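Line by line, the protein sequences are chains X and C.
Here the first sequence stands for residues 11 to 476, where the numbers follow this note's numbering.
Here the second sequence stands for residues 726 to 1132, where the numbers follow this note's numbering.
Possibly wrong hints are sitting among the right ones.
Claimed, not checked - Part of the chain C face toward chain X, derived, beta carbon under 7 Å: (1) N759; (2) R767; (3) D780; (4) W782.
Derived by calculation from the structure, the hints in this document are not laboratory data.
On a predicted model such as this, the values are computed, not experimentally measured, just so you know.
No residue lacks a Cβ here, since even glycine has one placed at the ideal position from N, Cα and C.
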Amino acid sequence: MNPLPLSSQLKQLLPRGRILDSPAQLAGYAADALGYKSYLPDAVVIPADADELVGFMKGARQLGVPVILRGAGTSLSGGPVAAQGGVVVHTSGLKRIREINVEGFWCEVECGVALNDLDAALKPHGVFYPPDPSSGPVCTLGGNVASNAGGAHCFRYGVTSNYVLGVEVVLLDGSVQRFGGPAGGRGPWREDWKRFMIGSEGTLGAFTRFWLRLLPLPEKVWTLRATYPDLRSIEAAIHALVAHSSYPAAIEMLDPRGVAMVETSQMAVGLPKGSFMLLLEIDGPPALVDARVGPVADLLRHAGSNDVVLSDQDAMRQKLWKARKAAGGLLGQLSPDYVVQDAVIPKSALADVLQLVYDEADAAGIRAVNVFHAGDGNLHPNFLFDSRVPGELEKVELISERLMRRVIEVGGTLSGEHGIGNDKSAYMPLVFGPDSMRLQWAVPAAFNPTHQLNPLKVFQNRRFAT
Amino acid sequence: MHPKTPLPDYFSNCTHCGFCLAVCPTYKLTGDENNSPRGRLRLWSEEAAGRLPQDKWTDFYTDECVGCLACETACPAQVPYGELFEHTRHDHVSAGRSKPPLALRLAAAAVARPAWFNLALLPARFIRSLGLSIHRFLFKGRPALLQSTAAYARELMQQHRPTGPRVAFLTGCLMEAAFREINFATVRVLIENNVQVVIPEDQTCCGAFQEHSGLAGAEPLRAQNRRAFLPLDVDAVVSNSSGCGYSLGKSLAPERPVRDVLAFLGELGPVRRERAGSRARLYVDLPCHLVHGQKAAGIPQNVLDATGYSWELAPNARDCCGSGGVYNIQKPENARAILAGKSAFLNEAEGAPVILGTSNHVCMMQWHSAGATGLVTRPYEVSHIIQLLDPGAGFAVRATAPASAPC
Chain X
11 MNPLPLSSQL
21 KQLLPRGRIL
31 DSPAQLAGYA
41 ADALGYKSYL
51 PDAVVIPADA
61 DELVGFMKGA
71 RQLGVPVILR
81 GAGTSLSGGP
91 VAAQGGVVVH
101 TSGLKRIREI
111 NVEGFWCEVE
121 CGVALNDLDA
131 ALKPHGVFYP
141 PDPSSGPVCT
151 LGGNVASNAG
161 GAHCFRYGVT
171 SNYVLGVEVV
181 LLDGSVQRFG
191 GPAGGRGPWR
201 EDWKRFMIGS
211 EGTLGAFTRF
221 WLRLLPLPEK
231 VWTLRATYPD
241 LRSIEAAIHA
251 LVAHSSYPAA
261 IEMLDPRGVA
271 MVETSQMAVG
281 LPKGSFMLLL
291 EIDGPPALVD
301 ARVGPVADLL
311 RHAGSNDVVL
321 SDQDAMRQKL
331 WKARKAAGGL
341 LGQLSPDYVV
351 QDAVIPKSAL
361 ADVLQLVYDE
371 ADAAGIRAVN
381 VFHAGDGNLH
391 PNFLFDSRVP
401 GELEKVELIS
411 ERLMRRVIEV
421 GGTLSGEHGI
431 GNDKSAYMPL
441 VFGPDSMRLQ
451 WAVPAAFNPT
461 HQLNPLKVFQ
471 NRRFAT
Chain C
726 MHPKTPLPDY
736 FSNCTHCGFC
746 LAVCPTYKLT
756 GDENNSPRGR
766 LRLWSEEAAG
776 RLPQDKWTDF
786 YTDECVGCLA
796 CETACPAQVP
806 YGELFEHTRH
816 DHVSAGRSKP
826 PLALRLAAAA
836 VARPAWFNLA
846 LLPARFIRSL
856 GLSIHRFLFK
866 GRPALLQSTA
876 AYARELMQQH
886 RPTGPRVAFL
896 TGCLMEAAFR
906 EINFATVRVL
916 IENNVQVVIP
926 EDQTCCGAFQ
936 EHSGLAGAEP
946 LRAQNRRAFL
956 PLDVDAVVSN
966 SSGCGYSLGK
976 SLAPERPVRD
986 VLAFLGELGP
996 VRRERAGSRA
1006 RLYVDLPCHL
1016 VHGQKAAGIP
1026 QNVLDATGYS
1036 WELAPNARDC
1046 CGSGGVYNIQ
1056 KPENARAILA
1066 GKSAFLNEAE
1076 GAPVILGTSN
1086 HVCMMQWHSA
1096 GATGLVTRPY
1106 EVSHIIQLLD
1116 PGAGFAVRAT
1126 APASAPC
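For reference, chain X alone in the conformation it holds in the complex (with noise of 0.2 Å):
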């Protein structure tokens, strides 16, 4: 053991960056956007550049204490939380764009380069990024591969996995190593290794940077949105689409308490009370979008919906748009806190799995608001309370396992796009087998034999053993 305190080790470790351990300075890293749960590390770093993560890293060994990395802590899963104390390394110095390389449709990014600002670099060049979380203002995309974070798009383009052509990390024996590349593919490794580090969650190494692929832009976007009186009229709209050749980008929908929380914001756009509302987007080639969007309305017609709007203008795609992904945030106006769920389920358990959710939050007396990427089957049921009320987070997280063996029952599974933490460790032994357990649990005890880095995520007991 290092007989130096920590913070000089971390100070030796750290020449240039910055080391936060006082009190005040802990207090905003005790938690992610799962804003309720929270843990006190016992040091922060914020590494100047890629350099002195890799040396941080290949010193962190000695350290004795967990390592937790953080890009801009916007998870809401408890993923970049010290569960078990110790450092957390925040990313936010890691924010060069290092190559957009046009002709090959791809990009090398550093870790805690945010979302939006790639896409905000990449725009001039005509093409994109597609991967889409909510978060993406602020978001980085080493959280999103750590989470292989999905979005409102990955309907039709997929999630991170699909865009990680490679993927540098530096493991706790100081070592660099690089999967993958700008060729993609799994480089000179005989196994494609990077599908490894995409979604573990902070739990094999510290991403540095990444090689992502690159689609050209659509050259034209048509923006619908419908409502429905009931959920089994929306249900059939959803699956006629998702059977429809038209194969939208985005399937989304709100129910009816997420209409009335838009209707009574900043950010109305015009929704009528009580309904469910679904919001798509078709997108390509301007002569096929065009023949396209009219089928795609009369089938939201046929369905049910006597009100659908459609657009194929900038103004009102982004209003919509950013009504939907500030729905995590709006929910502070009815709430001091909440829990969202991530299950997937297939699509054909839609309204069955969503009473449910209503069922079991009425009868407890907990507010749902169902805010989610329909076309995928990836709910996010918002369940409200209030942590100070003494009893109501118990019974969210009751409702919460109940909904889970529902999805599990319904051959669905924990989590789309947000990534297990120690929000849902709880819940994999419902998922997963001792068989398939004792697996998944091999991987980080080979890259990391001593679960110093993130320990109690994903596996409710994996500890750090000194």
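Once you have looked at the hints, place chain C on chain X.
Frame of chain X, contents of chain C only:
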């Protein structure tokens, strides 16, 4: 220990979504969560709840905030950050946890006595009237030395006798004492557009100075302005400084909204200045207290068109320039770093001359300092948009009545 006033329970709105981080100048500068609105709210709420002892770092991060309020615009949960910040800073200053620089404490005392302040800044007006600039914040202009804006407005009202809507005009403290030529231009533009200008002589500083610095003394100023403005029989109260207008608006609410003079003129459709053949280009920066404080969409397009210049928004026009009311005096290094990012484009900007236009005198001071301190190495002019609408002496009131007089 100093007794603390309880904080309003607005923290509970915060869902920790982090949208505020993306727009926060000090988070962008430092990459430190505690130096963001979400981080500061957590520090304040933890301390208020008794879970975090008073800590010099809480004081430090509170002092670091520019107060630009960009986070309020970004916040879906509508956390009233500005109110919480003002409350906390005021508490910190009165408890001795934070100490504004001597210059600010002196100035805060001075602005409460406008006549005294006007006299104290006579040398500044004199030097500026000679066309000199001796300080990085003193942008160029030719203010009147002795005639007040109120006296000037009375004179022009007598001379021109406009018949349109009546407005009461906040002349401000620093604006009147140092940059009076902007007030004079405002009076000319309003009267040319057939607006009757009333200047209540018992008005005083809006209190923004105290709000920004956390110093005591805002309340008597607010009360005096309520007495000065509320009884007036006018169609609108207008201000030519977005920060002062925002602050006065809070004082006169809910009885009387305070309008930014450019927004007011936008509704009238102001007389257009012709500048045929000009190769000048106007870059418009939007003050934080206009777009994030007053929540205005911007400066009306017809007003910018009426300047006669070809114009465009400055890059990142909605981001703070680092002025932050008195931030560039309290935290000059941060303010300069923020300005460095904002002003870099001027080095390459097209136009002869290049004009940086905005609608707040303290932003103008900050923009002027970019040249005076070497961040911008090519010549450029800093101007209030109202000055670009100025007909100058010897104008006539527009012939036609305004299309729609606001009521």
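- [ ] Report the numbers of all earlier hints that the structure fails to satisfy, in ascending order.
- [x] As far as the earlier hints go, not one is violated by this structure.
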